[in-house]
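Fit chain U to the supplied structure of chain V, relying on the hints for placement.
First to last, the protein sequences are chains V and U. Heads up: the first sequence is residues 1 to 437, going by this note's numbering. Heads up: the second sequence is residues 438 to 781, going by this note's numbering.
It is worth saying that the hints were derived from the structure and are not from the lab. It cannot be assumed that every hint is accurate.
Unchecked claim - Below 27 Å or equal to it, Euclidean Cα-Cα: the simulated DSS-like pairs (lysine-lysine) are:
#1 V/162 / U/694
#2 V/162 / U/677
#3 V/97 / U/655
#4 U/694 / V/58
#5 U/727 / U/528
#6 U/696 / U/677
#7 U/634 / U/655
#8 U/696 / V/58
#9 U/694 / U/677
#10 U/655 / U/582
#11 U/505 / V/162
#12 U/505 / U/655
#13 U/590 / U/634
#14 V/162 / V/194
#15 U/634 / U/597
#16 U/677 / V/58
Here the structure is a predicted model, which is why all the values come from computation and not from measurement.
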Amino acid sequence: MTDTTASSAPGAVESPFKREIGIKRRYAAEKRFQAYGLIAISLGLIFLLLLLWSVVSKGYTAFEQTSINLPITFSQNIIDPKGDRSDTAILMANYPKLATDAIVKVLGINPDDKNAVREAGQMISASSRTQLRDMVLSDPDIIGKTVPVWVLATDKVDSALKGQVDLSVDESRRKISDQQVQWMREMTADGAMKMRFNTGLFTNGASSRAESAGVGVAIIGSLYMMLIVLVLALPIGVAASIYLEEFAPKNRWADIIEVNINNLAAVPSIVFGLLGLAVFINFAGLPRSASLVGGLVLTLMTLPTIIIATRAALKAVPPSIRSAALGLGASKTQMVFHHVLPLAAPGILTGTIIGLAQALGETAPLLLIGMVAFVVGYPASPLDPATALPVQIYMWANEAERAFVERTSGAIIILLAFLAVMNITAIILRRRFERRW
Amino acid sequence: MKTLKLTAAALVASAAFAGTAVARDQVQIAGSSTVLPYAKIVAETFGETFPNFKTPVVESGGSSGGLKEFCKGVGTDTIDIANASRQIRDKEVAACAEAGVTEIQEIRIGYDGIVFATDINGPDFVLEPADVYKALAAQIIVDGKLVDNPNMKWSDVDAKFPDWDIAAYIPGEKHGTREVFEEKVLAIGCEATGDLKAKMDSGMDEDAAEDSCIAVRKDGGAVDIDGDYTETLARIDANKTGVGVFGLAFYENNADKLKVATMSGVTPSTESIASGEYPVSRPLFFYVKKAHLGVIPGLQEYVEFFTSDQMIGPDSPLAEYGLVAAPEEEREEVRQNFVDGKML
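The shape of chain V in the complex, shown without the other chains (with noise of 0.2 Å):
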């Protein structure tokens, strides 16, 4: 301070409003950086856009499916020849030709047409065979009687209907027949076929047929090992913060112990897999394919994100909060558990949150684990066998059929829901609970 008076001689003052101090360059570096931060946020929003638009407009056709309503008669000679009831009679019953018999009726076609007859017989899907297996099961008076029931149409119907494939080919090209485009545009007109909510997109198992293939072992996989996630990598990542944060001794070892921390937060999660492999499959004798597992492994891929951001929020408690507990007689650990850590909640919370959408979106380390399969039976226990949203969308990327082009979206969608909705969740809850000083 003594040197810039010193130096200032008497005399050479200038006035400070006419001494060129760059204000015209300053002002324009200034706004050069807000266009520069401008261009990059467009450009971030412009590919955000185009993802979604593409993702969107393929899959929300997903959520619509083509259906058929057939009056169904539930003839006691084709399920049940011999009148016993018998439950391998009630099984094993040919329900397929009861929806035939019940297309040909419809659409007026000469039962001796074999031909005619199968073709028809090829719009319905092959999941109706459990779907009316069910209802005799559920009530076996409805044989005999004759019920109009809501049967989904085949993918290649569906694709067809919904203007995915191409019709102007010649038919030997497509795999839905001219006269079957011809009977669907019949039944769309008088009102037989429709496109209805597809409730079993979130509520059907996987598929090799793409009109019955749904997310719903998916979505219970995933929150399975959610849950998991949850109940052992928040309480292990918080517990190990606190003791790292306010307990242990700042010393060489803390700082190794920090620095492989941030190394494990970015080690590539298919080593994660590998890990999980060894350890809970090969040495410790779990299931494959088991969402226990998969739940383990992302815990695993959790914690450090969990462990940063809890030390993250530890620290931005200020000291002061500290010291007045100890100054009143606390002990350290009434401190923590009394005071630092409830002002820290809303920061761990989100950390774990924002984790937790990164375990959700997760693929690579399920690869290992034998959790990219084919799963149609909903598992009862994290034991079962299950697959995980990311998983059921790779999976279906590479069907050949058209129809799993826009599941496909349609999952992406359905993903992309609910990690907005973590994601909005960690935001309103930080909102709600943070203090600032």
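Just chain U, lined up with the frame of chain V:
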């Protein structure tokens, strides 16, 4: 404090699961992505037809990956069936034996064709293995000398082809399909053009000459696709003058977008492959752990169901999807071998 207690409880609970191999009531399958769609159809239909058994779980992961899992040992924590788009290798049989998997039953389910296809609006491609070799090999013989492949356009290969830059999308090296492409197209073409002999005459020993025959050019004319056929299709969509290699089933499901090339004058179809006229095809397999039969509920029934004519016969859902059914006697033999317990 409550949370801490809960954590402890959770840890104990998860530790309790560990170490106890859980009894399994569900067939577990892994392997080839080519066989996967067929296995999925069978598994699903099996689950619907036999409500007393759970639907088998089918993982993908490639033929090699599946066989590796398969050879981990015997017991309920290992898989029961490995799907493969090629025959099991001696090395793998040895690895299996080392882990205690000595009783392996081989089931041949049918055949799969490999086809070349272009965009639907392209001209007709009439291919010979020799044409493919001349277009895609890394080094060919020109005027008696071994040179880096000079053909940049299809019309350079033969005047019958369009004036297109050579851009072929072929399966990457981790795919079983690549082996078939090399053996049944490139190697044959190499022999047909006389290059194999010329290469051997120029001082290469037989192995080196054969390796040189199936080496694919790396200058951009041939692009390895490591993903699935959906990726190849996307490439053809983007580059209308590209030529892609597909499985027959995939082509048939996307015939409104693709035009198939004939090979040696034969159009690929289930009929021409079944009769053996179309040359580029291969058998598909799955392998069963005999020690698991009778232990895992439904395994025996699943194999019997898979090999029945209602699944792999000429008029079956698998054939409809694109599997080329084996001849009647061969299917009968496969079933008989399984019943007899014939092992590798």
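Taking the hints in turn, this is what the structure says about them:
Between the alpha carbons of residue 162 of chain V and residue 694 of chain U the distance comes to roughly 17 Å, so the proposed pair stays at or under 27 Å and holds. Our distance criterion of 27 Å between C-alpha atoms is met by residue 162 of chain V and residue 677 of chain U, whose separation comes to about 25 Å. Note on residue 97 of chain V and residue 655 of chain U: the hinted pairing is violated, with a Cα-Cα distance of about 55 Å set against a maximum of 27 Å. About 17 Å separates the Cα atoms of residue 694 of chain U and residue 58 of chain V, which keeps this hinted pair within 27 Å; it holds.
Pair hint residue 727 of chain U plus residue 528 of chain U holds up; C-alpha atoms about 19 Å apart against a cutoff of 27 Å. Only pairs whose Cα atoms come within 27 Å are accepted, and residue 696 of chain U paired with residue 677 of chain U is accepted, the gap being roughly 11 Å. For the hint linking residue 634 of chain U to residue 655 of chain U, the alpha-carbon distance of about 23 Å falls within 27 Å, and the restraint holds. For the hint pairing residue 696 of chain U with residue 58 of chain V, the CA-to-CA distance comes to about 24 Å; that is within 27 Å, so the pair holds.
Our distance criterion of 27 Å between C-alpha atoms is met by residue 694 of chain U and residue 677 of chain U, whose separation comes to about 11 Å. Between residue 655 of chain U and residue 582 of chain U, the direct Cα distance comes to roughly 20 Å. Compliance with the 27 Å bound is thereby established for this hinted pair. Only pairs whose Cα atoms come within 27 Å are accepted, and residue 505 of chain U paired with residue 162 of chain V is rejected, the gap being roughly 42 Å. Under the criterion of a C-alpha separation no larger than 27 Å, the hint pairing residue 505 of chain U with residue 655 of chain U is inconsistent with the structure, at around 30 Å.
This hinted pair checks out: residue 590 of chain U and residue 634 of chain U have alpha carbons roughly 25 Å apart, not beyond 27 Å. With a C-alpha separation of about 11 Å, the suggested pair residue 162 of chain V and residue 194 of chain V falls inside the 27 Å cut-off, and the hint holds. Of the pairs offered as hints, the one joining residue 634 of chain U and residue 597 of chain U holds, with about 26 Å between alpha carbons and a cut-off of 27 Å not exceeded. For the hint pairing residue 677 of chain U with residue 58 of chain V, the CA-to-CA distance comes to about 22 Å; that is within 27 Å, so the pair holds.
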